[in-house]
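Participant: Residue numbers (the working numbering), protein chains in the order written: chain G, 1 to 297; chain B, 1 to 455; chain F, 1 to 344.
Quick caveat, the hints were computed from the structure, so don't treat them as lab data.
This one's a predicted model, so the numbers in the text were calculated from it and none came from an experiment.
Backbone N, C-alpha and C define an ideal beta-carbon position, used for all residues, glycine too.
Misleading hints may appear alongside valid ones.
Said to hold, decoys possible - DEER-style ranges, computed between Cβ atoms:
no., chain 1, residue 1, chain 2, residue 2, range
1, B, THR244, G, LYS94, 34 to 40 Å
2, F, VAL103, B, LYS145, 43 to 49 Å
3, G, THR168, F, ARG340, 48 to 54 Å
4, G, PRO145, B, ALA191, 28 to 34 Å
5, F, ARG340, G, LEU186, 47 to 53 Å
6, G, PHE129, B, THR244, 43 to 49 Å
7, F, GLU215, G, LEU186, 51 to 57 Å
8, F, SER276, G, GLY62, 34 to 40 Å
Unchecked claim - Partner residues aside, some chain G positions facing chain B, computed with beta carbon under 7 Å:
no., residue
9, HIS139
10, THR140
11, PHE165
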Amino acid sequence: MGTFLASRVMTDIFGGLATGAVVALIALSLVIIWQSTHVLNFAQGAMGMFATFVGMNLVFHGLNYWLCLLLSVVTGMVLGGVTERVLIRPLYGKPEINPIVVMIGFLGVIEAVIASIWTTNITMLPSPFSQIYYQSAGHTILVSPFIFYEVALVAIVVIAIALLFRRTNLGLQMRAAALAPEVSRLLGVRVGRLLTLGWILSTGVGTLAAVVVSTGQVLAPTNMDGIFVSAFIAAAVGGLESPLGAIIAGLAIGLTEQFILDFWSTSIAPLSGVIVLVIGLSLRPQGLFTKHVSRRV
Amino acid sequence: MSRVRIRRAATLASASALTLGMLSTGLAMSAGAASTPGVTAHTVTIGATVPLSGIAAGYAEVSAATAAVFDYVNAHGGVNGRRIIYLRKDDCYNINALGCTAGVGNTPTLTQTQTLVTQDHVFAEVGSLGTAAQDSVIGYLNQNKVPDLFVSSGSSDWNQARYPMLFGYQTSYQAEGKILARWILGHKKGATVGVIGQGDDFGANGLAGLQAGGLSIASKDQLTYSPLDGVTGNFSDITQALTTLKGDNATVVVLDSIPPLTSYIMAAANKMSYSPQWVVSSVGSDPSSVNNPLEANAITLDPYPAANNMTNPWNVWLRKIITKEKNSHAWFPNFYSGHFKGILDGNMVYGASEGLAFVEALHSLGKNVTRAGIVKAMMTTHFATPSLTPLSYSPRNHQGLQGGAIARILPESDPTQSPRFAALLGNAEYTTGDYSNSPIIVSKQKITPIPGYLK
Amino acid sequence: MFRTVSQRYPTGFRLVATVVLCAVALAITFVLTPLDDSKLAGGAAMSIVILGLSWLIGWSGQVSLGNAGFMAIGAYTTAIWANHHTTSPIIWSLFLSTVLGGVSGFVLALPATRLRGPYLAGMTLAFSFAVAPLAIDSRSLTGGSGGLFINFLNSPSWFANLFSGSDALVKANAQWPADVAIVVAAVAFFFMANLFRSRTGRALRLVRDNEVAAELVGVNLQRTRTLAFVISAAYAGLGGSMMTLLSGSVTPQTYGLTLSILLLTLMVLGGIGTLSGAVIGGLIYSYSDNIVSIVNKVTGVNPTSTFGANLKGIVFGVLLILTMMLAPRGLVGLGSYLRRLVRR
Numbered sequence: 001m002g003t004f005l006a007s008r009v010m011t012d013i014f015g016g017l018a019t020g021a022v023v024a025l026i027a028l029s030l031v032i033i034w035q036s037t038h039v040l041n042f043a044q045g046a047m048g049m050f051a052t053f054v055g056m057n058l059v060f061h062g063l064n065y066w067l068c069l070l071l072s073v074v075t076g077m078v079l080g081g082v083t084e085r086v087l088i089r090p091l092y093g094k095p096e097i098n099p100i101v102v103m104i105g106f107l108g109v110i111e112a113v114i115a116s117i118w119t120t121n122i123t124m125l126p127s128p129f130s131q132i133y134y135q136s137a138g139h140t141i142l143v144s145p146f147i148f149y150e151v152a153l154v155a156i157v158v159i160a161i162a163l164l165f166r167r168t169n170l171g172l173q174m175r176a177a178a179l180a181p182e183v184s185r186l187l188g189v190r191v192g193r194l195l196t197l198g199w200i201l202s203t204g205v206g207t208l209a210a211v212v213v214s215t216g217q218v219l220a221p222t223n224m225d226g227i228f229v230s231a232f233i234a235a236a237v238g239g240l241e242s243p244l245g246a247i248i249a250g251l252a253i254g255l256t257e258q259f260i261l262d263f264w265s266t267s268i269a270p271l272s273g274v275i276v277l278v279i280g281l282s283l284r285p286q287g288l289f290t291k292h293v294s295r296r297v
Numbered sequence: 001m002s003r004v005r006i007r008r009a010a011t012l013a014s015a016s017a018l019t020l021g022m023l024s025t026g027l028a029m030s031a032g033a034a035s036t037p038g039v040t041a042h043t044v045t046i047g048a049t050v051p052l053s054g055i056a057a058g059y060a061e062v063s064a065a066t067a068a069v070f071d072y073v074n075a076h077g078g079v080n081g082r083r084i085i086y087l088r089k090d091d092c093y094n095i096n097a098l099g100c101t102a103g104v105g106n107t108p109t110l111t112q113t114q115t116l117v118t119q120d121h122v123f124a125e126v127g128s129l130g131t132a133a134q135d136s137v138i139g140y141l142n143q144n145k146v147p148d149l150f151v152s153s154g155s156s157d158w159n160q161a162r163y164p165m166l167f168g169y170q171t172s173y174q175a176e177g178k179i180l181a182r183w184i185l186g187h188k189k190g191a192t193v194g195v196i197g198q199g200d201d202f203g204a205n206g207l208a209g210l211q212a213g214g215l216s217i218a219s220k221d222q223l224t225y226s227p228l229d230g231v232t233g234n235f236s237d238i239t240q241a242l243t244t245l246k247g248d249n250a251t252v253v254v255l256d257s258i259p260p261l262t263s264y265i266m267a268a269a270n271k272m273s274y275s276p277q278w279v280v281s282s283v284g285s286d287p288s289s290v291n292n293p294l295e296a297n298a299i300t301l302d303p304y305p306a307a308n309n310m311t312n313p314w315n316v317w318l319r320k321i322i323t324k325e326k327n328s329h330a331w332f333p334n335f336y337s338g339h340f341k342g343i344l345d346g347n348m349v350y351g352a353s354e355g356l357a358f359v360e361a362l363h364s365l366g367k368n369v370t371r372a373g374i375v376k377a378m379m380t381t382h383f384a385t386p387s388l389t390p391l392s393y394s395p396r397n398h399q400g401l402q403g404g405a406i407a408r409i410l411p412e413s414d415p416t417q418s419p420r421f422a423a424l425l426g427n428a429e430y431t432t433g434d435y436s437n438s439p440i441i442v443s444k445q446k447i448t449p450i451p452g453y454l455k
Numbered sequence: 001m002f003r004t005v006s007q008r009y010p011t012g013f014r015l016v017a018t019v020v021l022c023a024v025a026l027a028i029t030f031v032l033t034p035l036d037d038s039k040l041a042g043g044a045a046m047s048i049v050i051l052g053l054s055w056l057i058g059w060s061g062q063v064s065l066g067n068a069g070f071m072a073i074g075a076y077t078t079a080i081w082a083n084h085h086t087t088s089p090i091i092w093s094l095f096l097s098t099v100l101g102g103v104s105g106f107v108l109a110l111p112a113t114r115l116r117g118p119y120l121a122g123m124t125l126a127f128s129f130a131v132a133p134l135a136i137d138s139r140s141l142t143g144g145s146g147g148l149f150i151n152f153l154n155s156p157s158w159f160a161n162l163f164s165g166s167d168a169l170v171k172a173n174a175q176w177p178a179d180v181a182i183v184v185a186a187v188a189f190f191f192m193a194n195l196f197r198s199r200t201g202r203a204l205r206l207v208r209d210n211e212v213a214a215e216l217v218g219v220n221l222q223r224t225r226t227l228a229f230v231i232s233a234a235y236a237g238l239g240g241s242m243m244t245l246l247s248g249s250v251t252p253q254t255y256g257l258t259l260s261i262l263l264l265t266l267m268v269l270g271g272i273g274t275l276s277g278a279v280i281g282g283l284i285y286s287y288s289d290n291i292v293s294i295v296n297k298v299t300g301v302n303p304t305s306t307f308g309a310n311l312k313g314i315v316f317g318v319l320l321i322l323t324m325m326l327a328p329r330g331l332v333g334l335g336s337y338l339r340r341l342v343r344r
């Protein structure tokens with residue numbers, strides 16, 4: 001058993017899924033925003049990192065990890081809500097490039113603020129669970145208690161979000177508001193509030209991902225940069241309309257990268273995102289899991 | 001330098017033809033016909049291109065410490081009656097960003113250098129930082145006859161006959177590799193040794209030094225990581241390298257990495273339950289920069305007295321001048337400005353040493369400050385700096401420091417409360433001249449007395 | 001609407017206008033300091049790339065974040081060519097880089113032009129993210145992370161002879177690259193001005209505004225979009241080539257996602273889809289450090305403090321947000337808005 005679990009293929013699968021889970025989580029957060037407000041949030045990674053810095057830095061001042069995690073997520077949610085109200089609300093109905101540009105500007109501001117406040121310190125954020133991989137008869141199995149925690153956390157969040165959207169009245173209203181804001185408004189749904197709620201949820205999820213990415217790592221402002229690009233690709237391949245698509249695509253990207261690395265070449269790894277995108281979107285240009293296609297007339 | 005990430009230019013064949021560099025000193029003469037640029041009766045204006053923002057902003061404290069030395073000297077009457085005006089220009093480590101853009105093509109360092117030379121009319125550059133960044137302007141500075149002193153980088157690019165006004169500062173990666181190899185051969189005889197180096201000349205030169213020191217490393221154990229790993233967040237090459245080394249039972253692993261990557265590599269190895277004896281280049285070992293408990297007991301080379309050694313007179317003096325320096329914008333929250341919380345670290349000692357060395361060279365000139373004079377003074381001054389090994393230059397050797405002392409990183413009980421330090425293990429070791437032929441000289445650690453005029 | 005615009009000025013007029021404006025710009029370089037000459041050179045080169053992006057985003061509505069990648073292809077083409085053919089005139093470097101930029105644009109356009117909005121943005125983003133690692137890895141061709149160095153643009157002796165005085169050579173060697181860049185930019189702008197008014201330009205706008213209508217009047221959607229993409233990539237290749245020639249070097253770190261975002265920022269600040277917007281974008285690029293130092297002076301923030309050094313990110317981020325909120329057509333739009341305000 002140990003030999004099998006430590007085999008090359010299984011090692012790749014474990015490694016790929018561990019990365020993919022976090023990619024999926026960030027992709028999910030992008031999809032929530034896209035679904036509710038049709039905005040591509042380029043600052044998602046940076047916003048999550050900002051909230052992470054606010055909350056997780058208190059770990060170094062002796063605060064409990066879980067309390068800091070909670071504080072980070074709340075900070076992220078507040079930041080998301082305020083951003084939607086202040087920066088995004090005036091842009092509804094404008095060309096799609098406008099919110100993209102505004103969020104790029106916001107990205108610059110957040111990164112500069114993080115760099116100004118928490119400069120130059122490289123500090124390992126301690127992990128609440130051991131990150132040491134299990135060993136079996138001298139073989140390393142690429143699974144650690146921390147990875148179990150990571151995957152479980154992602155699963156819980158995904159299920160909670162799915163339940164919210166599918167099983168609750170609020171979720172129904174949110175979907176309606178996103179799909180047909182005018183009709184929803186006529187039916188008495190407070191569309192504006194729901195859009196803000198979409199951002200709050202999304203940045204909350206994004207922050208959770210940022211905390212997970214930074215745990216057991218150096219707490220650095222750039223932590224989310226690379227993984228954000230992967231998540232962005234995952235969201236696009238999965239079809240921005242589909243949370244399930246984002247999760248599947250996120251896991252797939254994690255696995256693809258791992259297998260390309262191991263069986264092909266390290267140098268080609270940065271291209272794996274492009275490869276997945278080209279193949280995925282060639283099959284369906286509007287994303288693999290998008291149900292309906294509309295054309296603007 | 002310790003802690004400066006290095007990327008060396010692939011080719012510099014064309015540097016001598018650097019057109020814009022043709023700006024001869026004539027332009028800077030506009031202030032007055034025969035005067036030396038940047039020098040007035042009461043001031044000497046010098047400059048540096050350094051990263052203050054962006055990915056290498058962590059090195060900002062190097063030049064901040066250099067500036068602190070000048071501030072101290074100015075407050076005590078200056079050098080021979082002249083105050084030093086030190087202009088630090090942010091070049092974002094030569095990476096394009098808004099506000100850090102360039103007029104010539106897209107290299108911020110070249111633009112900032114041009115600004116220093118043609119607009120601010122600096123007398124010299126002192127302590128400019130970064131191999132790739134400085135590589136892109138040494139031709140320009142040379143053609144403008146601007147002395148480029150104490151470049152903060154361990155590349156051997158600063159040691160070229162065609163650039164007579166260019167002087168490095170840091171021990172070369174080769175020399176360092178050679179000294180580290182000596183420790184490994186002496187203490188870990190017969191061990192399988194692996195290397196993980198940055199995939200550029202920093203890694204390549206470090207490896208060459210290890211091999212010149214007589215260490216044999218199997219080619220499959222000579223591994224690299226991409227310099228962009230930290231930017232892309234994709235560390236898969238490191239995972240692969242560690243898997244290989246663990247599989248080969250390498251019990252000693254040498255790292256030619258920058259501090260964040262040192263930390264990452266050690267964490268990744270720990271996850272695999274792989275704990276070899278780490279031997280880390282001084283570039284990536286500064287314990288307060290790496291800030292990882294896993295670095296405990298790693299071996300490194302330290303060119304300076306351990307920063308926590310407060311019996312060393314230099315450290316006492318440096319701490320005094322550095323705590324004087326205040327973060328100029330206390331109203332903006334900055335939790336880890338790091339500089340100047342009253343704790344010395346390796347970066348600060350490094351930067352302050354450069355400042356001290358310049359002050360001493362300038363001091364030796366007396367009242368008559370010229371560019372030719374300072375270049376000559378570089379080779380004749382007996383520099384008194386905190387470094388453990390002699391800092392000396394000759395017409396044939398512009399490298400600067402030649403070595404340091406082997407040090408062991410101390411374990412730290414509470415990683416969140418105080419910075420980590422290294423403990424020096426013994427004598428100072430250094431090579432002289434050409435690293436590949438000259439033997440390693442072992443001597444007692446040198447503690448130069450502080451010159452009277454600095455007190 | 002655009003019919004009246006397109007018929008307002010004939011091609012001949014545009015040619016004369018280009019020549020006159022180019023001559024004025026060249027004349028100005030004679031009175032500038034060498035530092036300003038150099039800045040202008042960089043701005044001219046950047047404005048070419050911005051113009052190409054402006055054409056793609058403003059006229060065809062395809063949001064691309066991949067143009068830094070095409071710049072890299074142009075930049076490396078020039079460096080590699082110049083290192084192998086040291087005596088070859090720069091026109092060949094420029095030509096080759098433009099063509100290779102266009103060809104790589106075509107390759108990426110095959111999948112890209114089938115994509116809409118966010119999907120296209122995602123794909124081009126992935127492309128520009130992959131460029132630097134690939135360049136570092138192809139060490140034998142690209143010089144790895146150290147990049148490649150080439151000869152600077154030397155002032156020919158006839159040009160240097162125009163100047164006299166102690167710093168004649170200084171001035172000549174700073175001004176020559178600026179003048180070359182201005183002439184290259186003028187050619188690029190002239191071509192684009194005609195393209196804006198051409199059948200293709202009109203078809204592109206129609207595709208952007210109403211695909212179905214475009215198809216109904218016989219426009220081939222795929223071909224028009226591909227053409228827009230290829231031209232944009234060719235402009236990026238040309239601009240990248242100029243960048244290598246001006247800085248005498250090319251390094252992989254320069255050409256990443258950051259640069260793509262920078263391009264988008266400059267284009268928006270200048271004004272999307274206009275010639276003058278691209279010029280303004282180029283100038284903002286060149287003088288951004290001056291803008292930041294003005295802000296530093298006004299606010300009294302020490303530029304070497306941690307906050308001061310990062311102030312540029314805040315300044316340009318806020319500027320970008322304000323532009324999009326208040327003057328979405330950029331500084332160009334702001335100008336015409338103010339004019340209308342005065343007339344009223």
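Participant: Evaluate each hint against the coordinates.
Facilitator: Outcome of the hint check:
Against the hinted window of 34 to 40 Å, the Cβ-Cβ separation of THR244(B) and LYS94(G) comes to about 53 Å, which falls outside the hint. Range check, VAL103(F) to LYS145(B): Cβ separation about 45 Å, and the 43 to 49 Å hint holds. At roughly 50 Å, the beta carbons of THR168(G) and ARG340(F) sit within the given window of 48 to 54 Å. A hinted range of 28 to 34 Å for the beta carbons of PRO145(G) and ALA191(B) is consistent with their spacing of about 32 Å.
Taking the beta carbon of each, ARG340(F) and LEU186(G) are about 37 Å apart, not inside 47 to 53 Å as hinted. Look at PHE129(G) against THR244(B): about 27 Å separates their beta carbons, and that is not inside 43 to 49 Å. Checked against the given bound of 51 to 57 Å, the beta carbons of GLU215(F) and LEU186(G), roughly 33 Å apart, lie outside it. Taking 34 to 40 Å as the suggested C-beta distance range, the pair SER276(F) and GLY62(G) does not conform, at roughly 58 Å.
With a least beta-carbon distance of about 11 Å to chain B, the hint placing HIS139(G) at the interface is violated under the 7 Å criterion. For THR140(G), the suggested interface contact is upheld, since its CB lies about 5 Å from the closest CB of chain B, less than 7 Å. Restraint check, PHE165(G) versus chain B: the minimum CB separation of about 30 Å is more than 7 Å; hint violated.
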